[in-house]
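Participant: Throw the hints in and build the complete structure from the sequences for me.
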Amino acid sequence: MNHETNTGVAAPILEVLGLRASISGKPILNGVDLVVRPGEVHAIMGRNGSGKSTLSNVVMGHPAYVVDGGEIRYQGRDLLRMDVTERARAGIFLAFQYPVAIPGVGVAQFLRSALRAMGREVPAREFRKQLSAAFADLGIPDSFATRHVNDGFSGGEKKRLEILQMLLLQPKLALLDETDSGLDIDALRTVAAGINRAIAQGVSVVLVTHYQRILEYVRPDHVHVFLDGRVAMSGGPELATQLESRGYEWVEADAVASQAVSA
Amino acid sequence: MTLQRFENEPAFLADLRADAAVRALDLPLPDRATHRFRFTEAAALLPGGACTRELLEAPVVAVDASFDVPDEAVAAGVRVLPFGQALASDLAARIGESLGEVSGMDDALLAANLAMFSAGAVVVVPDGARVEAPIVLRFRTGDGGRLSALRTLVLVGAQAKATVIEELDVPAGFGAAVTEVVLGPGATATHARLESGGPGGVAFTRAAYQVDRDASLQHVHILMPEGLVKVEAAPVIRGPGGRVEGLGMAFTAGRARADFRAVEDHAVGDSESRVTWRAVAADRSRSIFTGLLRIAPGAARSQAFEEARSLLLSKHAVAETIPELEILNHDVRCTHGAAVAPVDEEAVFFLRSRGLTRSDAYAMLVEGFVEPVLSGLPVAAMADRVRDRLRTALAAA
Ligand SMILES: Nc1ncnc2c1ncn2[C@@H]1O[C@H](COP(=O)(O)OP(=O)(O)OP(=O)(O)O)[C@@H](O)[C@H]1O
Ligand SMILES: [Mg+2]
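Which chain is which? The protein sequence lines are A and B, in order. First residue of the first sequence: 45, per the working numbering; consecutive thereafter. First residue of the second sequence: 390, per the working numbering; consecutive thereafter.
Derived from the structure by calculation, the hints contain no laboratory data. These numbers come from a predicted model, not from an experiment. Hints are not guaranteed to be accurate.
As the list claims (entries may be wrong) - Pairs of lysine to aspartate or glutamate, EDC-like flavour, derived with a Cα cap of 20 Å:
1) A:Lys202 to B:Glu734
2) A:Lys216 to A:Glu130
3) A:Lys202 to B:Asp495
Facilitator: So this is what it looks like as structure tokens:
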């Protein structure tokens, strides 16, 4: 019998174990460990270039990254054996740090295709109702239905649309890569409310952010600090506040110290 | 030489054919040194690779033709007839005035077409007749090794309005189709050509247009060959206030080749032309666009715009996208843009992360890429046909 079930701790939805990955022959992830249990919210912070987006991309299955070692398990399955489409259909969602424009493809058309791809085809009328409600929730004007996906959108509009996609596609695990960056105060609240709605529905969240501010709206269960392609420090919500005042040198010094101890 | 192809051809046609035949045999077949044929030499477009007496005298090759003429057009007095019947009708004199005048017979291919065409259509839209529903002319060439030569003449009267769609299918062998369209003063016309064909099909087509004062032409070319097509669109704006919109795309896969050339000729000023082209090339196919904007010395205040983009779906596919300018007046506005790019793999990743399969992601990106053309097509059914073809081809890939 499963030990974890016995103790009442749910089996992880995502397990990243000793993950190493590179791009164009350049190692970026140097042994990432991260365990996310169903319904948990994990925040990942860390310097520019420390590998946060790389981790999100590798979990989603971006073909440009090469996994050099370690493993990723999703609901107990070997994620590395699944392609991007399979991962999406199994319930993994990535909100892109830099959402991609799809010229010539209308937002409504795109969303309907995505729903269909997920096996959730809805009649046209119902879809329009759903979409209109989702637009309203995220403060997106209805006129966006016929605009081309992310084409000429402002930074904030793109981020709202990412969250709208998450809410519509109803994933089990959402990787939100700096979805809070570049948002004005109102947009931040709207987007945070969207994320909280997903969390309330049981979605597990990995939230990559540079700012303590979003964490005032979306309460993380765990906070991790990335350093040179690894999780250098983990803690509770208080870690985000400490980081804000003490900066990343503190984490760096601490990491060096703990390495010295373990050596 | 026996050049007659229809029963009781009028004398003017016999003379025209005889002249054309002499030119077809005398003029050298343009090779790649000729600018217009630098990507596809003329010899590739003829059976046996040469323009010979046997070719010109070859027996008629059957062409399946069917026309859709909307009631609205009939009621407005529009005439749509197979070419042979039109020659035998009261329209003969009008045909005589225009046939060969718009497209010319400056090279052996055009001359050969005039000398030997044996099928086609004549469309006459009377002055002031305004018809919204499209007139559709479908042609399908027969017989493997030989050349089917077609000719279409469209006369759109002053202040008249019409849409003529020509569908040409060359399943195998050789097809050549020359269309001449004359727009009277103030006329509004769309001429669209949809070309398809089998892997063994070779087609040469040319659509030449004459645009009178205040007339407005839309020319549309959709090329979806599996073999080889060389296609030309050549409008000449002859009256001030004339406007031309050229819209088109090519989709090629396998080893198909599409070579499209547009020449927007501003013979007079106060005129406008705008060309939008999209090419999508998959597998080992080749897609060529050359677009010449020509502004005559006296054509002041002309405006000419051209935008051509090509999308490569495979690293073995090739696209040439080449704008050309011949601007002989300074008081004009011209812009042109050309680009060739592979599929944006970040976009593919983005779409796949939303659950789409790789081929669905490609299909969506390709449809988005050609959207500026599809959204401008005169009838929605044409866009649907293009989408169907794209989806089938991309699903198979
Ligand atoms: N295609 C690539 N070729 C080479 N290096 C790359 C490539 N893509 C990313 N990198 C490098 O990988 C490192 C990690 O990048 P990543 O985007 O994961 O950082 P990040 O932690 O998300 O940073 P930020 O906070 O700025 O978003 C960076 O040094 C980046 O330059
Ligand atoms: Mg990043």
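Participant: Indicate, hint by hint, whether the structure satisfies it.
Facilitator: Okay, the hints, checked on the actual structure:
Using a Cα cut-off of 20 Å, the hinted pair lysine 202 (chain A) and glutamate 734 (chain B) holds, with the two alpha carbons roughly 19 Å apart. Proximity of lysine 216 (chain A) to glutamate 130 (chain A) is assessed by CA-CA distance (about 13 Å); at most 20 Å being required, the pair is judged to hold. Distance check on the hinted pair: lysine 202 (chain A) and aspartate 495 (chain B) sit about 55 Å apart at the alpha-carbon level, beyond 20 Å; violated.
Violated hint: 3 only; the structure is consistent with all others.
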